[in-house]
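Asks: Protein chains in written order, with the numbering used here: chain A, 1 to 415; chain B, 1 to 132.
It should be emphasised that the hints constitute simulated quantities derived from the structure, not laboratory data.
The beta carbon of each residue, even a glycine, is placed where N, CA and C say it ideally should be.
A few of these clues could be false.
Now the stretches of chain B that chain A is said to cover, found in silico as 3 or more residues with beta-carbon under 8 Å [claimed, not checked]:
#: 1; stretch: 12-21
#: 2; stretch: 27-38
#: 3; stretch: 52-63
#: 4; stretch: 70-80
The calculated SDA-like cross-link candidates involving lysine to any residue, where the alpha carbons are at most 20 Å apart (straight line), are [stated by the list, open to error]:
#: 5; chain 1: A; residue 1: Lys61; chain 2: B; residue 2: Ala52
#: 6; chain 1: A; residue 1: Lys61; chain 2: A; residue 2: Arg93
#: 7; chain 1: A; residue 1: Lys190; chain 2: A; residue 2: Val369
#: 8; chain 1: B; residue 1: Lys37; chain 2: A; residue 2: Gln273
#: 9; chain 1: A; residue 1: Lys279; chain 2: A; residue 2: Gln223
#: 10; chain 1: A; residue 1: Lys61; chain 2: B; residue 2: Lys68
#: 11; chain 1: B; residue 1: Lys68; chain 2: A; residue 2: Gln214
#: 12; chain 1: B; residue 1: Lys68; chain 2: A; residue 2: Ala112
#: 13; chain 1: B; residue 1: Lys25; chain 2: A; residue 2: Thr200
#: 14; chain 1: A; residue 1: Lys190; chain 2: A; residue 2: Tyr172
#: 15; chain 1: B; residue 1: Lys37; chain 2: A; residue 2: Lys55
#: 16; chain 1: A; residue 1: Lys279; chain 2: B; residue 2: Lys37
#: 17; chain 1: A; residue 1: Lys279; chain 2: B; residue 2: Ser12
#: 18; chain 1: A; residue 1: Lys190; chain 2: A; residue 2: Lys315
#: 19; chain 1: B; residue 1: Lys37; chain 2: A; residue 2: Glu175
#: 20; chain 1: B; residue 1: Lys11; chain 2: A; residue 2: Pro215
#: 21; chain 1: B; residue 1: Lys11; chain 2: A; residue 2: Glu175
#: 22; chain 1: B; residue 1: Lys37; chain 2: A; residue 2: Asn169
#: 23; chain 1: B; residue 1: Lys68; chain 2: B; residue 2: Glu33
#: 24; chain 1: B; residue 1: Lys25; chain 2: A; residue 2: Gln107
#: 25; chain 1: B; residue 1: Lys25; chain 2: A; residue 2: Asp69
#: 26; chain 1: B; residue 1: Lys25; chain 2: A; residue 2: Gln67
#: 27; chain 1: A; residue 1: Lys34; chain 2: A; residue 2: Ser402
#: 28; chain 1: B; residue 1: Lys11; chain 2: A; residue 2: Asp249
#: 29; chain 1: A; residue 1: Lys55; chain 2: A; residue 2: His73
#: 30; chain 1: B; residue 1: Lys25; chain 2: A; residue 2: Leu168
#: 31; chain 1: A; residue 1: Lys279; chain 2: B; residue 2: Val6
#: 32; chain 1: B; residue 1: Lys11; chain 2: A; residue 2: Thr131
#: 33; chain 1: A; residue 1: Lys279; chain 2: A; residue 2: Thr131
#: 34; chain 1: B; residue 1: Lys25; chain 2: A; residue 2: Pro174
#: 35; chain 1: A; residue 1: Lys313; chain 2: A; residue 2: Pro173
#: 36; chain 1: A; residue 1: Lys55; chain 2: A; residue 2: Thr131
#: 37; chain 1: B; residue 1: Lys37; chain 2: A; residue 2: Pro174
#: 38; chain 1: A; residue 1: Lys29; chain 2: A; residue 2: Val354
#: 39; chain 1: B; residue 1: Lys68; chain 2: A; residue 2: Gly85
#: 40; chain 1: B; residue 1: Lys11; chain 2: A; residue 2: Asp414
Listed below are the residues making up each chain.
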Amino acid sequence: MPPGLDRLQHIVVLMMENRSFDHMLGSLKAVNPKIDGYVDGDAYTNPDANNNPVKPQPSAKFQGQLQPDPDHHFPAVDLQIFGKGSDPTANNRQPNMQGFVASYFNQQRNLAHSQMIMYYFPKENLPVLTTLALEFAVFNRWFSSIPGPTICNRAFAHYGTSFGRVDLNPIYPPETIKSVYTRLIHNDPKRTAKVYYYDTTSSTMEVANLLQNQPELFGTYKQFLQDCDNGDLPDYSFIEPNYSDHQSDSGALIANDQHPDHNVRAGEVFIAQVYQAIKNNPQLWESTALLITYDEHGGIFDHVPPPGCVADKFKADGNATGVGVDFHFDRLGVRVPTILISPWIPAGTVENRVFDHASIPATITKFFVGNYSADRSPREIAADIFIEPQGAAVDPARNLLSLDMMRADCPDFDA
Amino acid sequence: MVLIRVPRPPKSAYDPDRPVGSLLKSQVEHMREAESKLPLRYRHEIETYVKAVRTEGEAARYIQAVHKAIQQAHEEADRERRGLKPAPAPTPKPVIEIAAVADEAAERKSNSARKHPAAKSQKSPRTKPRKK
């Protein structure tokens with residue numbers, strides 16, 4: 001077995017908020033052409049309200065630009081993906097990613113402002129995320145699970161399904177499909193898992209089921225830092241950022257989830273701190289893989305049309321989708337930035353297989369539980385895994401932790 | 001090994017008076033629903049005033065109150081299960097002030113609109129202007 005997989009004991013997932021791949025990492029195509037981003041000269045445009053083409057521009061700001069919050073509920077994302085004039089009831093619609101400017105224009109009727117939805121960050125403005133993407137493995141085809149908002153997309157990371165929801169309402173899963181955390185802690189041998197929320201004031205987005213019924217699964221970000229220091233990290237950790245500007249015991253805290261219109265630099269600092277907390281403990285660093293991803297695109301432009309996928313066994317009816325037709329969860333949402341970090345991954349790795357957030361419980365379950373025979377959603381069963389299981393014959397073409405020797409040249413951040 | 005400098009956000013980025021967005025609103029709703037399932041002694045008077053939450057700071061205060069109440073309720077249930085002495089009864093937090101402040105703001109806006117109809121489109125006095 002490759003030594004990186006052999007040593008792997010912990011998997012950590014950090015899920016940020018509402019930014020698209022092109023918006024955050026698109027500029028990296030100029031550095032590494034294998035990364036499917038954007039360079040000047042590419043033909044990707046969106047028509048504005050006067051039908052003039054709007055090009056992506058490296059003009060994204062850390063804060064103050066995406067007000068109001070770009071719409072990313074199901075009908076708006078449908079427009080973003082299929083373009084103006086597309087009929088949701090028509091068969092065989094092809095996604096063309098032509099409706100982002102039109103969708104943002106609908107919110108304010110402001111031509112100049114609507115064009116900002118095409119803006120992306122120059123590489124040098126996001127030193128943490130872009131460095132990690134270039135130094136480890138970046139995913140060219142990691143999509144949000146649903147063309148919709150946060151809660152239902154985050155549900156895919158915990159359950160492998162949203163149980164038919166495409167909105168922000170609380171999700172009450174049927175008893176048969178267990179969360180990835182329950183699968184781990186009830187496994188024989190018992191595994192350990194934790195959801196680390198930032199603090200009690202930011203709390204968690206997993207209130208309705210997990211916090212309400214299983215508060216023992218939760219810890220704070222402060223505890224995550226201590227657990228890293230003490231070598232007490234559970235097998236699987238899921239980290240939530242700070243979702244609000246608020247007062248804490250240590251003073252004023254700025255939201256670091258990167259949700260528009262929260263400051264993107266605060267999220268950069270947070271990502272760097274999570275990375276350093278793991279890296280600063282040598283035993284942990286060699287035995288941990290960190291996945292950084294975003295729950296959904298937040299209404300911001302991306303040029304890659306989301307592919308179709310296996311339908312889920314749940315559906316959202318036409319009233320729930322808001323576009324008058326049922327949604328069978330048979331296509332993915334917009335592409336999001338996703339990076340896998342480990343000192344066993346070669347620098348400059350670019351992964352082209354298709355993933356979505358259902359890949360998270362699929363990977364964690366396969367890695368820590370093995371053959372799990374209890375109920376899982378069709379979406380999760382069909383989802384690809386991003387870390388190969390230990391013990392089995394490993395296909396080198398699929399194994400991202402492929403180095404024979406651990407790297408000593410990984411970057412550090414002054415976070 | 002390369003050490004990369006990470007620029008910090010400016011202090012001016014902090015704005016607890018920022019109008020609450022749809023995600024935080026939904027989190028508040030989830031908390032309200034979770035609170036409604038707690039034993040009565042853990043609930044806050046704010047429950048009926050959740051719709052008055054207008055800013056991130058207000059949402060954060062409510063979320064924290066309910067989060068702690070959920071933790072307390074589970075800790076007490078756990079003590080009971082283990083036959084331990086019950087912890088002191090929780091003191092309800094006076095977070096109702098959120099609603100009161102919101103109501104006052106709404107009243108001020110309403111009075112102002114009556115006195116100065118042209119000022120209707122101006123920003124709420126609770127919304128701090130952002131520095132460009």
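Asks: Which numbered hints are broken by the structure, listed smallest first?
Replies: Hints 5, 6, 8, 10, 12, 14, 15, 16, 17, 18, 20, 21, 29, 32, 34, 36 and 39 contradicted; others consistent.
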